[in-house]
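Asks: Each chain, letter by letter, is given below.
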Amino acid sequence: MALALQTFSTVKDANAALKAAGTRYLGGGTLVVRAVNEGDVSVSGFVRSTEPSLSAIAVSGGKVRIGASVTMAAIARHPDLAPLARAARAVGGPAIRNMATVGGNLFAPAPYGDFTVALLALDATVSSDSGELPIETFLATRESNHAIVTAVGFSLPVEGGFRFLKVSRVKPKGVSVLSVATVLEQAPDGTVSSARIALGCMADRPMRARAAEKALAGRTLTSDGIAPALAVASDGTSPATDPIASAWYRTQVLPVHLGRLLLG
Amino acid sequence: MAKVPVQFTLNGAEKAEFIDSGTTLLNALRDKIGDTSPKGGCHQGTCGACSVIIDGELRLSCLTLAETCNGAAITTTSGLSEGGVLHPLQRAFLDAFATQCGFCTPGMIMAAKVLLDHTPSPSREDVVEALSGNICRCTGYEPIIQAVLTAARSNSQHAA
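Line order of the protein sequences matches chains A and B. Residue numbers for the first sequence follow the UniProt record's numbering, beginning at 1 and rising by one. Residue numbers for the second sequence follow the UniProt record's numbering, beginning at 1 and rising by one.
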């Protein structure tokens, strides 16, 4: 059965229409239309907004604002977002990247949502008409969030400060076994002065590896230096067992891949 | 449910239809307009059989609502041949035995066409990447990769 689509020129009007039971916001369609095609009867209508700011990318003074409707392909080809290109290209195949949006990725359940792992490591903020939330708070409460996400914002990492790795069995495009993103700052002597490590597929949504971050502080990026961080990399994780990998496997290989990313 | 109008160009020809709101582009193309070249495989965005080109970009028609394509230029595999002469990609797929059951072929050709439109002389890695969202369960992919590389070479010979 077809479901009616309502299109609004402003986010405000779309937010009002979303108050009706069963309506879902339509971004690129790769999650919501897919759910409907699979027979998700909880969806009774689509709402979308064509407000231009949703599709804008603004980079100035090291600050980035990406509208929620911006696609992975648009991020991957944007010259000022080159450090993020790898993470944007990790999502789907070419057609999916032309459709899948930043806003949608924030809601993608594991094993999807690789780009959100990058945003979590970047300590992004998530904006809606109700205000701005730190991404970690947003992710923790995303099911109960009913205001349309309008943008994400973050500071561009220093040159080489951002690293991203997606592990999949099928190359070049495959669903994640896991993904890891790190934002590291190093003191002049090479020791790590601050570290943010975000993990994908190690819980039902992207999560920070707090214990590993703490264990990395003051250490050098050498095999010996990162060993304490790798030893606690899986702390607090609760990965799923799915057709891609078992929870046990994900837990076992996480330190290996985190180690490669930190030493790479 | 009230019908809604959709209007776009399909392979260069103006098309206008009344459809149920929320109809996917795939269903609109196949069931209303009669272009059955995009195939409905998984309807989940996984297989790529429904791939079409919308305003120069590869998209999955099974996850695209037809209403969002108003005013767009849509290309499908059925629009590639001219005057009964196959497009170089179609010719190369035939010559290289890159099609067996044929179900994935229109999607593969769409993905390959977007690649060649932007990258006339692709590397093998470019081809693998461009086809990475399209699944084939028959060929093992190698003949398809070779067909796209052959089509690229024949294009560059024509251009020379």
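Calculated from the structure, these hints are not laboratory results. Note that beta-carbon positions come from the ideal geometry of N, C-alpha and C, so glycine has one too. The reader is advised that the hints may include incorrect statements.
Straight-line distance between alpha carbons at most 27 Å, and here's what the computed DSS-like set of lysine-lysine pairs gives [unchecked claim]: (1) A:K12 <-> B:K15; (2) A:K19 <-> B:K3; (3) B:K3 <-> B:K15; (4) B:K15 <-> B:K32; (5) B:K32 <-> B:K3; (6) A:K214 <-> A:K171.
Short derived list, chain A residues pointing at chain B, Cβ under 8 Å [said to hold, decoys possible]: (7) A4; (8) S9; (9) R34; (10) G92; (11) P94; (12) L133; (13) P134; (14) P172; (15) V253; (16) V256.
Asks: Compare the structure with each hint and give your call.
Replies: Against the structure, the hints:
{"no.": "1", "hint": "A:K12 <-> B:K15", "in the structure": "33 Å, violated"}
{"no.": "2", "hint": "A:K19 <-> B:K3", "in the structure": "24 Å, holds"}
{"no.": "3", "hint": "B:K3 <-> B:K15", "in the structure": "16 Å, holds"}
{"no.": "4", "hint": "B:K15 <-> B:K32", "in the structure": "10 Å, holds"}
{"no.": "5", "hint": "B:K32 <-> B:K3", "in the structure": "13 Å, holds"}
{"no.": "6", "hint": "A:K214 <-> A:K171", "in the structure": "33 Å, violated"}
{"no.": "7", "hint": "A4", "in the structure": "4 Å, holds"}
{"no.": "8", "hint": "S9", "in the structure": "14 Å, violated"}
{"no.": "9", "hint": "R34", "in the structure": "5 Å, holds"}
{"no.": "10", "hint": "G92", "in the structure": "6 Å, holds"}
{"no.": "11", "hint": "P94", "in the structure": "5 Å, holds"}
{"no.": "12", "hint": "L133", "in the structure": "28 Å, violated"}
{"no.": "13", "hint": "P134", "in the structure": "30 Å, violated"}
{"no.": "14", "hint": "P172", "in the structure": "5 Å, holds"}
{"no.": "15", "hint": "V253", "in the structure": "23 Å, violated"}
{"no.": "16", "hint": "V256", "in the structure": "25 Å, violated"}
In terms of the numbered hints stated before, the structure departs from hints 1, 6, 8, 12, 13, 15, 16, listed from lowest to highest.
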